[in-house]
Amino acid sequence: MNWLNIRLIFCREILDQLRDRRTLFTVFVMPLMLYPILGVVMLQMANFFQEHPSTIRIIGTDNLPESPALVGDGTIVEGLVHVDAIRLLKLELEPSCDGFLAAMGTDTESQVDYARTRLAEEIREQGIDLLVIVPRLIELNETVLFDGSPEFLLVYDSSNDRSRIAAQRWQIIQSEWHQRLLGEFFRSASEADSDGDDDREESGSTAMVSAIDVARPSAVGTASWARILPLLIMVWCLTGAFYPAIDTCAGEKERGTLETLLSSPASRTDIAIGKLGSVMVFSIATALLNLASMGTTAILLFSQSGFPVVAGLFQGPPPPLAIALVVLATIPASALFGALSLAAAAFARSSKEGQYYLIPLIMVSMPLMVVPMLPAIRLDMGTSLIPVTGLMLLFRSMIEGNWGQALAFAGPVLIVCVACSTIAIRWVVYQFNREEILFCPSERFAIGSIIRQMFRMRDVGPSVGHALLCTVMILILRFVCGVLVSPPGDWDQFAIQTIVLLMVTICVPALLMAVILSNKPLQMLKLSRFRLRHAIGAVLLACCLNPIFMWFSGMVMRLYPVDENLAQIATGLSGIIDGAPSLLALLAVLAFAPALFEEIAFRGFILSGLRAMTRPVVAVVLASLAFGAAHGVIQQSIIAFFVGAVLGFIAIRSNSIFPCILFHATHNGLAVIFSRWEKFGLAGTEWLVESKLDGGWGIATAPAVGLTLMAALILVICFGPPRPVAESRDGVAGRQGMATRIAQTLVAWFPGLQSANRSA
Amino acid sequence: MAPRTAFVSYGSNGASWQPLRQTPVPAKCLQNTQAPTKHDFMIHVRRLTKTYQDGDNRPRPAVDGISFDAMPGKVFGLLGPNGAGKTTTLRILGTVLKPTSGTAVVNGFDVVGYPEHVRRQIGFVSVNTAIYDRMTAWEMVYLFGRLNQIDDAVLRTQIDWLFGRLQMTDMRDTLCSRMSTGMKQKVSIARALIHDPPVLVFDEATSGLDVLAARELYRTVEDMKNRGKCVVYSSHIMSEVERLCDSIAIMLEGRIVATGTCEELRDQWHQKNLEDVFYSIVDQAGQQQLAGHGAEST
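Protein sequence lines correspond, in order, to chains A and B.
Taking our numbering, I'd label the letters of the first sequence as residues 1 to 760.
Taking our numbering, I'd label the letters of the second sequence as residues 1 to 298.
Take these hints with a grain of salt, some might be off.
Said to hold, decoys possible - Residues from chain B shown here face chain A by an in silico Cβ test under 10 Å; the list is partial:
#1 D69
#2 G73
#3 G113
#4 R120
#5 N128
#6 E139
#7 T174
#8 H195
Hints were generated in silico from the structure; no laboratory data involved.
Virtual Cβ for every residue (Gly too), placed ideally from N, Cα, C.
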């Protein structure tokens with residue numbers, strides 16, 4: 001990296017954007033103008049709306065007690081609501097409710113029908129928003145007050161805004177009056193007490209206290225700001241980054257200046273980082289200006305009497321520390337969203353195409369931004385590893401003052417943030433090297449041409465597009481079948497369902513596509529001959545890696561605990577599985593069948609397609625992502641991803657999926673056996689297998705370490721790079737060949753070792 | 001083998017070009033050069049090939065195994081119709097594209113192994129290389145001067161001299177969006193010349209220019225040739241290639257079908273001008289193709 005070039009490109013991009021009227025308007029002018037205008041409009045609308053009083057007809061006022069009074073002089077009694085609110089209530093009183101109740105009847109359905117008809121008539125002809133019926137005489141009597149029947153019957157129309165608001169206003173009045181009623185009851189009850197002692201008076205008020213809120217008003221405000229500020233920062237950083245990224249990448253391609261820049265001495269990396277810096281600057285500027293303008297407008301707006309609830313929630317402007325943390329939060333947020341926006345923009349061939357990528361980016365980002373708003377979510381190791389979510393929760397903790405929690409997880413959050421940004425920037429550099437992105441105009445989608453090509457090119461392997469299509473088909477089928485198929489009732493149902501679902505949702509799409517697209521479907525699916533050492537190595541590797549996978553599985557379960565509903569379903573299924581007639585039946589359904597069908601699809605078809613257009617490592621990662629996604633449950637998906645990575649490695653080294661089937665079947669089989677070790681375990685294996693803290697069984701620690709080392713050896717011996725022919729003929733060279741083989745394997749996996757060795 | 005100087009920057013003292021800085025070539029660049037370099041050649045291309053996937057996903061060569069050499073102090077012309085592969089070839093030399101196979105060495109640097117060094121050797125002017133609309137002429141040239149590691153003070157002097165030489169002083173503070181096509185082309189040329197590269201590439205540089213502006217460009221090309229630069233000039237306009245180029249390669253469908261000086265080509269094909277030479281070559285190629293198809297069918 002040449003920092004001078006990066007600085008030059010950064011300054012150029014900043015200068016260029018500052019001379020663009022659209023950028024200036026979007027970043028500077030719009031925030032300063034938009035929110036004050038919106039605020040004025042909202043105020044006017046709120047005032048306009050609030051000036052409409054609610055008309056309430058109370059039927060059966062004769063049933064109301066004299067004390068505490070509810071209505072007096074044709075209006076609500078003072079003290080039940082704010083003085084200003086009383087003028088928003090117009091009452092019409094009807095002494096008796098007998099006629100109404102008689103017309104309503106006793107049947108629930110007829111009651112609703114009558115109420116609907118009556119209210120519609122009242123709304124239309126009389127302008128009534130709410131009917132309040134007092135169906136029974138309310139007395140200060142224990143039997144009457146606590147017999148469970150309602151004191152009021154409200155008839156309103158929730159689809160009508162005025163009716164709904166009238167109901168809300170009445171419920172505030174009703175709640176306050178009910179408190180007074182109970183107070184009156186207990187007071188009269190105490191007066192009727194025959195003790196005559198003074199502690200009734202000394203005990204003070206008979207007011208009922210239902211709750212004590214220990215939060216200080218400032219803490220209430222801080223908590224509210226802590227929820228809303230990180231969300232606003234993320235949203236504004238995302239939107240502030242996207243359009244500059246589009247302009248600086250796709251826009252440059254359209255204007256033809258990208259080729260000019262690429263022909264300069266600046267490297268692709270320098271260009272990408274320089275552009276990232278400029279996008280970050282505008283992202284931060286957008287976020288802070290919008291926040292300042294919106295915040296100032298909101299504070300002025302909510303301090304008006306028309307928004308007492310919101311004003312009470314935020315208790316004034318955010319504390320200075322929150323503001324400082326918000327400014328700080330813009331840096332990692334803008335880096336992350338800037339990198340992601342550049343990655344999307346670099347892939348686009350034109351500005352128009354780039355704008356379409358905003359929607360998928362928002363669709364991916366919004367759930368991650370909404371999750372921290374949920375009340376049960378807090379910052380822990382699991383959430384700190386989720387991009388965007390972890391960052392929001394980190395700053396929320398800091399704003400709330402939970403510094404211990406924040407500092408404990410700041411490391412993982414920032415590592416994830418940096419990792420995602422780095423991957424995105426590497427993608428940008430990769431796109432800058434792709435000629436079909438730089439120099440090809442936007443493609444036209446011609447379905448006829450695609451189909452003709454599909455049948456013309458039947459003799460080649462699957463393409464990336466085929467692999468992605470197969471993945472999407474699998475995911476959709478899994479989802480649909482998961483919803484439609486009812487849970488099994490016994491083992492036979494479970495077995496048939498599992499095998500059929502695996503076949504239909506996973507194997508059949510891959511098989512069909514292989515048959516349609518290729519003259520040699522077996523070759524396309526990598527159902528080819530394999531070496532014995534690969535097969536043996538796969539089985540041994542599965543056994544040796546089992547302790548690691550079991551440990552990892554436990555860690556995933558601790559980080560992301562299964563929710564209660566899912567745990568109940570799993571318990572039910574476990575009971576059904578216990579009804580399997582034999583171990584062989586169990587392994588056939590849970591080990592062999594998934595191994596066969598999943599490997600045909602994921603390592604056979606999908607990995608082959610991905611390998612056609614990208615490096616093996618990238619193909620393995622993508623195929624593993626697809627494999628994980630197909631598992632549905634997030635905990636299983638994470639574990640499946642890593643298992644899929646090992647399977648992908650085996651598939652590439654062996655060029656056949658049969659070793660993968662063996663590995664997969666062995667891995668699943670061991671998991672099944674260990675989960676039911678008490679039933680299927682062998683005697684005398686206490687040195688090898690022990691019970692774990694989570695209640696399951698697994699390999700003991702010492703043997704696990706040994707097995708892990710054996711796994712490394714198996715990888716080298718069975719899956720290392722191919723041996724040169726000369727070495728295998730010479731016995732002496734064969735002994736030396738093992739060391740050379742290990743060295744070759746290490747160099748093949750870590751190319752940097754070779755250049756480091758040469759430079760040394 | 002001691003490192004030799006491969007890149008010499010020249011500045012101006014108002015009268016002649018003076019060396020600004022000499023960058024020694026790292027020894028490893030010479031060791032790892034894929035093809036043997038000859039000192040006389042500034043550009044050395046051997047069996048250069050570039051293939052693309054067409055709409056049916058079949059590989060099609062845009063450049064098919066071409067070989068040529070270009071000398072310093074000479075103008076090498078690349079002539080051919082649209083789609084012949086000229087721009088692709090020049091983009092490979094400019095390291096904007098990577099070749100599928102073959103070698104291309106520019107002043108001792110391999111285009112694949114040392115692309116950043118190659119870019120410092122080349123000033124690239126193409127119809128495809130636009131200028132930044134929201135920058136002034138001075139800012140544009142200054143940026144590329146700094147990207148080529150020229151010191152700030154020296155660069156400012158150099159820009160003033162260059163602008164004077166190219167009659168751009170009046171428009172130095174004009175935004176590029178407000179310039180005419182000819183003015184924009186001058187800015188592109190200035191951008192390409194600011195770091196005084198030993199190799200200059202002009203790809204359809206007169207496209208969109210009027211007669212006067214084109215003549216200015218011709219003068220610039222001749223001037224650079226006289227200063228010892230190696231100039232690669234690509235065009236589909238026969239007359240300007242005939243006027244400017246010392247040696248010519250005619251490309252057709254990704255291949256070089258004829259090379260030589262203008263006189264040699266005219267004599268070889270018994271034609272009066274390069275245009276007629278080109279027609280003869282195309283006709284012959286077409287007949288050969290037909291003959292080939294006829295042989296296949298029988």
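Outcome of the hint check:
no.: 1; hint: D69; result: violated, 22 Å
no.: 2; hint: G73; result: violated, 23 Å
no.: 3; hint: G113; result: violated, 14 Å
no.: 4; hint: R120; result: holds, 5 Å
no.: 5; hint: N128; result: holds, 5 Å
no.: 6; hint: E139; result: holds, 8 Å
no.: 7; hint: T174; result: violated, 13 Å
no.: 8; hint: H195; result: holds, 8 Å
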